[in-house]
Amino acid sequence: MRRKLYHGACYYPELWDEETIQQDIDIMREVGVNVVRIGEFAWSVMEPEEGKIDVSFFKEIITRLYDNGIETIMCTPTPTPPIWLSHGRPERMHVNEKREVMGHGSRQHACTNNPYFRKKAAIITTSIAKELGQLRGLIGWQLDNEFKCHVAECMCETCLHLWHDWLRNRYGVIERLNEAWGTNVWSETYQTFEQVPQPGPAPFLHHASLSTMYQLFSMEMIASFADEQAKIIRCYSDAPITHNGSVMFSVDNERMFRNLDFASYDTYASQENASAFLLNCDLWRNLKQGCPFWILETSPSYAASLESSAFPHADGYLQAEAVSSYALGSGGFCYWLWRQQRSGSEISHGSVLSAWGEPTVGYQNVLAVERARKDIEQVILSTVPVQAEAAMTYSDRAKAFIKTEPHRGLQHRTLVTHFYERILNTGIHRDLIPEGVPLDGYRLLFTPFVPYLSSDFIQKASAFAEAGGIWIVGPLTGGRSSEHTIHTDCGLGELEKTAGIKTLFTFPMNEVANTGKAFGITAPLGLWSAVFDTENGNTLGTVESGPAAGHAFLTERKHGKGKIVMLGSLPSGKKGDAMLEALVRHYAAEAAISVRSDVTPGTIVAPRKGDNGLVWVIVNMDGKGGSVTLPEAGTDLLTNRSEKAGRLAVGPHEYRVIQFDNHS
Amino acid sequence: MRRKLYHGACYYPELWDEETIQQDIDIMREVGVNVVRIGEFAWSVMEPEEGKIDVSFFKEIITRLYDNGIETIMCTPTPTPPIWLSHGRPERMHVNEKREVMGHGSRQHACTNNPYFRKKAAIITTSIAKELGQLRGLIGWQLDNEFKCHVAECMCETCLHLWHDWLRNRYGVIERLNEAWGTNVWSETYQTFEQVPQPGPAPFLHHASLSTMYQLFSMEMIASFADEQAKIIRCYSDAPITHNGSVMFSVDNERMFRNLDFASYDTYASQENASAFLLNCDLWRNLKQGCPFWILETSPSYAASLESSAFPHADGYLQAEAVSSYALGSGGFCYWLWRQQRSGSEISHGSVLSAWGEPTVGYQNVLAVERARKDIEQVILSTVPVQAEAAMTYSDRAKAFIKTEPHRGLQHRTLVTHFYERILNTGIHRDLIPEGVPLDGYRLLFTPFVPYLSSDFIQKASAFAEAGGIWIVGPLTGGRSSEHTIHTDCGLGELEKTAGIKTLFTFPMNEVANTGKAFGITAPLGLWSAVFDTENGNTLGTVESGPAAGHAFLTERKHGKGKIVMLGSLPSGKKGDAMLEALVRHYAAEAAISVRSDVTPGTIVAPRKGDNGLVWVIVNMDGKGGSVTLPEAGTDLLTNRSEKAGRLAVGPHEYRVIQFDNHS
Amino acid sequence: MRRKLYHGACYYPELWDEETIQQDIDIMREVGVNVVRIGEFAWSVMEPEEGKIDVSFFKEIITRLYDNGIETIMCTPTPTPPIWLSHGRPERMHVNEKREVMGHGSRQHACTNNPYFRKKAAIITTSIAKELGQLRGLIGWQLDNEFKCHVAECMCETCLHLWHDWLRNRYGVIERLNEAWGTNVWSETYQTFEQVPQPGPAPFLHHASLSTMYQLFSMEMIASFADEQAKIIRCYSDAPITHNGSVMFSVDNERMFRNLDFASYDTYASQENASAFLLNCDLWRNLKQGCPFWILETSPSYAASLESSAFPHADGYLQAEAVSSYALGSGGFCYWLWRQQRSGSEISHGSVLSAWGEPTVGYQNVLAVERARKDIEQVILSTVPVQAEAAMTYSDRAKAFIKTEPHRGLQHRTLVTHFYERILNTGIHRDLIPEGVPLDGYRLLFTPFVPYLSSDFIQKASAFAEAGGIWIVGPLTGGRSSEHTIHTDCGLGELEKTAGIKTLFTFPMNEVANTGKAFGITAPLGLWSAVFDTENGNTLGTVESGPAAGHAFLTERKHGKGKIVMLGSLPSGKKGDAMLEALVRHYAAEAAISVRSDVTPGTIVAPRKGDNGLVWVIVNMDGKGGSVTLPEAGTDLLTNRSEKAGRLAVGPHEYRVIQFDNHS
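Residue numbers (UniProt numbering), protein chains in the order written: chain A, 1 to 664; chain B, 1 to 664; chain C, 1 to 664.
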């Protein structure tokens, strides 16, 4: 798949007549679309009656597209089981947390753990893989579509039994579950696994362990479905397999992608939310390291459904998205969708062509993307992203813990995005890495918002620090056990022992009563916080007001050749942002981070490396233009003109590609 | 019913003892109440045990009231089926969109499509019609009460089967439904009609066609119940039949009133919302043209229930309501309710008398209404409303489309009221007309917020324009097919072809990023918008900023002797209001609209016509006073003094009745 | 229990190992904790398998604690029935108002009226009472925990049958119910008691009588459960019985505590809400008069659950709470909880010790409480609270009426707290008294927000006024009958006849349109209001604007030697507060209230009386310090220094204890 830089669209030829399909292909060629993703909602076209499967339409379309220079990512159609699977079969349907049984309609209405669903899904996927798996135009597979985008944990009877199996497997005997969860609180002790309920309607909150474990169970189940489907495909096809994921859904992406071949995701962030767009690039590049990720869906203009609607991107932003994502590691940039839906629930969603075959409001921007793609294709294909020296831990399992325990409406994604922005704003190149990623090559590691840190992770990070790395832990990290209980040996359990800094107590800080000072800045402190004894380390941040005044909220301690830095609270507001950015800069300097620039906020530098050395792709994201200092002279690869060392300006949504002369 | 101008109240004699009834009648006579509406919640009094029907109480009360000069509108009591119909019978109950089965209590708890309900409703109505149908005091019938005021579409099993029948009737074969709806999106293709679900709980949005068609089905069903009931009454009574409708409920009023005899409605708008009050007058006058409409319910002071409460009208406003509605075509003005309820869910609702028989806070205002009624009765009875030259299309079916597809929380009523206000503010007399009303006599037609325009309607409006009318279409009009899908030939389908102006693309504008200029005014643009190619017409409004800058949002094109004007977007904010009002004035001038005045906003002119020529009833609604220019000299019919041409002032809540001297 | 002033904590030794228990006891001794409450969630520990009961652990722990100087309040464990009671038994579970059947988990998931639950509850309580009832360390019993804190009325089948029994018992024949409720409105007439529904899902509001009576039924049922449990305990133990109640739950505390021995409650008010803390002291002192009440739960720092979190008290506030509550009549001040939960739903809740055995953020404040407790123990034990001369009626049944009929989102607790603050701010010592408390000794009685006033209450208050008292009634008082219907003889029924002031009409006032003047202050008026005829009394407050302008909203009339004052509306905003405080001061002066001071707002004076005469405990609650005039010289009992008459300052959160020299 590294033969080219892909620019594509999601396409539903099964919905249109022959004439329209021909028009589509013609315009795709004009536009420069070189890949389409097809088939993910087409189960009823493939198997209109139960057992009568015919996927020849897709076989022909893939071939025909290929003949027109357009390659295909083929999907399994499991998000939308046909009416014959669901009609009169409430036991096959998804049941939500209020115990409402879903009816047919919309998507994801069936329980993906239902054995009949699994059986029929295996059969349709087998047929597709067998029939299409060897087609030359087929360059990859997508499983299903946005697993768990509309639903979270299912509460059906099938899931109840699987839940008991999962628990039995995890705990062996019920006594171990009772002990691990601390079920003796509120007399919740179970006598058998069969008694453990699903966290459905109850007068008040469920036990934290029950809520979190049910989420982890559900995440494992959906991943096991993906495993099962991928295994089928691999019997018939060598094309790599992916799934269009998201950090927003109830999925453990690290686990989900373990058995898939490349990482992909969908993103519909608006320009105001450009940092969320970049966060995704910096994360998904690391979900399957060494392999380009794909953006399988993004809107050419705006996202919308019958009941919601965003607004079109400003002109130029789409190109900035495409270039920045290619530069940050993307191998494909695809729109949802090629041609506006004629019917259904998303008829108003932004597309490349309208339902009547005319250019939409986003069309010119799509053309601009294609021009840019051609511009940069060679340099992207001949280089790879430079690994960052600074990493930030990302965990979807932490997301589950925070969903169980949001304290005061906390949202994992909001917290993570905000912290990520602090690093982004300093101009330091960064990787967002799942917990399982090795720490080789990093000098600085941030681990905020991970309530439960595994022993494996702590040992890995400890070794990283011992070897000279700086590990900055917190806030909201380490205070919960694997079972979502409180440690009883000390506040932060194994983390605390490893860090060697005593946690005095934890409590909710609020931005009115609590302030703290660090790096010369006084800022409000918020979030569930830990304060530390400073005896065994250096205090870098001290609580100045509120109940814990005088105690430390930010400490550091030598750890082998490196350091462990404990951040117990979240500086908030503008002052808090400044304090966090000062923290990042302070330790970046100490760690001698070199993969960085002084790029102005709103513009990014994506460093890449090839046979000719270092290349910077510089992109203005905010439409206001920006600048960066080139540390040495280089060549503009798009114009072939040389650029002196020093300040380089980039215009609104402009991109520049600079090859440094002397950099290896 | 044209013998007098009715002033009445809703009355529940079945709830009170003999002594209280006598007191009520005595005070009604004092106050001047000459009509009551009775019986709509009295089923259990009429049929306390299943099959034991006795309506003699109502026979006697109607006679007794008549003997006291008070006529009666008798209701069928079907909104509140007795306990013997519902107890232990969940299958007879209404089921809401969450599939909650209603219990007994409140109102509208039974499914009006349930065959047993229909049977018992037919029996009770037969009894009432037979017993009371010939009474001299009986001047009209009201069916049920506020159909669908508390409930929307029912999801019970009965409705499921009727739904399948309705679909079978509409589409014949399932393939036609699949094609019409485009069910191949998301694999929703049905194999049989029996598989088509009701739009109950689902993980995400239902298909647009399913949602909209289920609403249209439900609207037809409730109308068919009304048809059935009316047919029974007509076997035994010649008195005209109505229903107290509302634009707020899930009813297609145009369809509902097709088989009824006169139009009536309930309104509880507060003074701040006086334009909603006037909108109703201008609409319901046209639901059964040529026949006075009735306001069957309005509060003498304030609406309230156990859980909600408005505040009393300012003194004088009730009289302004009464006079303006009589002048705009009302034949009756009735309060809900005469005597405060002693018990139930509406014990705190405003009334004429308190539960203990004393005047309420609204009482003096009721007396003022009666004085005004007497004042104007003669002139109202000897004249009829002048037909407006400007009309605005009103569609409850459009309401269903917008409920399915609210884009960003759009509400049909809010949109329509706001647009209506723009016309109202210009002083142009206006009709709000259902889609089926002929366009004879109009010069200007506005058709905003009708996503689906029928071919019949387009042809009628096209003929209207060809003959010299100006048809101003949009915003949000014409972009959806009859099945709630997107056109595939061009953006606005048949409308676009008829108008001859090409729609370039559609997209959501927002008030921050998009502005447009027309009539010298620059205003924000919002709403789901269409922009136009200007090649074949004149551009009157151009987008000035945002993604479609430079394109037209307002165009006109000659169409026969007239014009079709396309309004693609909604100017918003104060500037937007000014732009829309400029648009109205511009085309009113072009169309040479003469039924208009320069009345100040907050005051209205209701033009009427009789043997002696033109009469203006001028009413100040906002309590601040106002003025209008009399185009020629006239006579004040209330004082018999002459008024010169020129500026005429009206005081707070004052009304004036001017007969013009030379106007035919 | 008057041997000492108790300072304690809720403790869950069943959750911890032996070593931790020993640590807990050691630290309790250090801290000075002299009482613990245990056992309320321990059913599964006591009866891990159905029928296998063993409470020896608790027997041992009570003895062991006692040996360490710590006494125990033992609980019945009925809020958390074990899994063997609920698993596979939906018919035993609580069903909420949406008819959702609760699953196992959380608390209060079983229906407390289920006969099987009742049977098993009786068995476990019998075992506990028998085994532990005679232990020396056991000083009291707590029934269950916070009845109805998570659930309101249950809608299960058991409750349906009990409901019918309750109705049959109340009304005898169905005709009486129909008449009393006025069910003929909306055809809701019932033919048999079996037909009367529970107020579950319905299209619109249920009948007021149905809603209110179902609440009263539910309140009686939970009290009957308490009666049943208390009766069992009394067979085996002489220790007094209480329950930890709250004004926030769906319980009639006056009824609940009728058959219990002393009053207790839980409170988690924050410092900003200190008046709610004081309100509770002034109320619960009077629920079982003559007997110290207990605060069985309050946080040493902050309340929190998985999904919510308050913030820690400012340092010093906990001590102010403890001292003020002891001074206002508390015999015990207990924390929830001693040691942070390791698991469950409340792992983040503030505690004395952390889950790992270290001091928490609240620890120092707990030590401060203990120092204060020792400081004041002698004076508290040798004195009793002085009865106030001013009382305010408190009714949980009124709470039910207002829940049924909130008008515009009214909340009983908010209304009552706000009115109470007006009295508090004047420095008048006050009692909040349930309706059944005799009025002996009072001179001033306020009765706001009691929609239904019983005939007994009216007669008692009338006699109170006749004997010279001043009864200030309203707003929102007396306008509803016992059945939650409207009076039909006059607006306020028996109250109106007793007061001799005619209510003209009632209606909703709003703060924009309505103002009134009294005591020289003009203020907005709000709330559902009554206006009065002034013929038979003095007008003290006149409506100045809005529909009732010119009528009285505040009147007084001589009643025997005293007065009845009718307050028809609620003055609102800052001016309204000032008007209400002027009203309180005016009548306090007229009634010659002497148990009062001029203490500054934010500081309180708790007057107590002993053999040595009058003692004032003065406590600053708001952390800003304050002052009060000592009317005569006294002695500071904490320092033994004399204090001159005149101004006495108290520092932030400081407390002073002054024994007056000459006061008897």
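If you're looking for bench data, these hints aren't it; they were derived computationally from the structure. Everything numeric in this text was worked out from a predicted model, so none of it was measured. It is possible that some hints are incorrect.
[What the hints assert, rightly or not] Restricting the straight-line Cα-Cα distance to at most 25 Å, the calculated cross-link-like pairs of lysine-lysine (BS3-like) are: (1) Lys98/B - Lys98/A; (2) Lys98/A - Lys288/C; (3) Lys98/C - Lys98/B.
A quick look at each hint next to the structure:
{"no.": "1", "hint": "Lys98/B - Lys98/A", "verdict": "holds, 11 Å"}
{"no.": "2", "hint": "Lys98/A - Lys288/C", "verdict": "violated, 42 Å"}
{"no.": "3", "hint": "Lys98/C - Lys98/B", "verdict": "holds, 11 Å"}
Hint compliance for this structure: hint 2 is the single one not met.
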